[in-house]
Amino acid sequence: MKKLNGILAKNKIKDLRCGQEVLYTGMIYTARDQAHKRFSEMLRKGKKLPVDIKEQIIYYCGPNPAAKGKVIGSCGPTTSSRMDELTPVLLKNGLRAMIGKGERSKEVVAAIKQYKAVYFTTYAGCGALLSGRVKKKKTVCFKDLGAEAVFALEVEDFPLIVAIDACGGNIYDK
Amino acid sequence: MRKISAKLISETVDKLVIKANMSLRPDVLKALKTALSQEKTNAARNALSAIIKNASIAKKEKLAICQDTGIPIIFVEIGNRVVVGGNISDIINVAIAKSYSKAYLRASIQADPVFRSKKPSYTPGIVHTDIVAGDKMRITILPKGFGSENKARVKMLNPTASIKQIEDFIVDSVRIAGANACPPYIIGVGIGGTQDLAGLLAKKALLRSIAKGNRDKKIALLEKGILEKINALKIGPFGLGGKNTALAVNIQTYPTHIAGLPIAVNISCHALRSASEIL
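Residue numbers (the working numbering), protein chains in the order written: chain A, 3 to 176; chain B, -8 to 270.
Worth double-checking, as some hints may not be accurate.
Derived DSBU-like pairs (lysine-lysine); straight-line CA-CA distance at most 35 Å [as the list claims (entries may be wrong)]:
no. : chain 1 : residue 1 : chain 2 : residue 2
1   : B       : Lys89     : A       : Lys4
2   : B       : Lys225    : A       : Lys16
3   : B       : Lys93     : A       : Lys70
4   : B       : Lys225    : A       : Lys140
5   : B       : Lys93     : A       : Lys115
6   : A       : Lys5      : B       : Lys31
7   : B       : Lys21     : A       : Lys70
Hints in this document: simulated from the structure, not taken from any laboratory. Computed from a predicted model, the values in this text were never measured in an experiment.
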């Protein structure tokens, strides 16, 4: 299986094709509904985001708290389509990859192609399994949102499936 | 009259919260294993293997099967010869909050649905109470994830609707859910009653074991036919294609008015979690 590490610059993801399985080691930021709403409002007002999303990966995830002796609780992906309207602006601002579950809108597919990004899916509904691949967790911002805060996760061999590639290839196209 | 103490109810709720969130229902696990034996492609087989492995990790390491530990829905059947030592909804909600916190489960409830101004909390859950005959109490908990809850649909069909129209509404609901709500699904369907009751029936249908069909043979046959049509959509596990888009269709019916035919679909993801106990 293909392995990817560290920052996913354009040249690292340009050859990925939909359907391909990848194991990723490096850093990802969680952000879901309310964090996306805040990000897009900040960008609209011309403010700097509290996290530099350039060349980064956003994971649509609201993890469970960590039990004693663990890094994180169950931490699978949430439905990506809810983030669709708030996604193109992040891609325009340099976001390179997203991890979630399910289909994306036409607008998101077009933006992925335009900005040469990639959309991965992972094992949906398998948060217990995925929690074992997270080695470190740090709260970055929006602590008031609870599980919807932005966390930086250091992951090792995190299983990904390329769902929409930089050429617009889409695993969900029938 | 038999008195059931708040303490016994709280202890039972605690047990059920843990069981439902961390141990996948045996009927669902069995259906997933059958599904795995039917799939031929790597994508579908890997997806189902991951789901089965996830269930075993969750149970062993005491982790939630899914990070969406749901909006806790509690069904309580109270015997008419039972006296409860306190307010049943309060007892249950306090017990849920305690249990979720202790077990490191996620707080997913937004107290302010319109302005979304509050930090998410564990409760309130949704408590449904029914008075039944006898001196016992049955408590059932269904932590319902919202990825699948978002795909629920209800429609008021005409009383003259054909069986095909009923089937089409259910199959279309699954087509709309597509890959988004964690297939393979379990499809709860409520037919009859009123608009609100149909929705509740669809949810209650998810509590029934998926190992066997409806007790009414004609309804069981309908369930089987609809399941075949859903699986012909080939959405498959994780939505990556395959033979298993749904594991079961469970229909629950209730008499309705001569002027209508309410129908509701409540989809569950593959992590259908519920647990029940009789006191």
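message = Are any of the numbered hints broken by this structure? If so, which, sorted upward?
response = 1, 4 and 5
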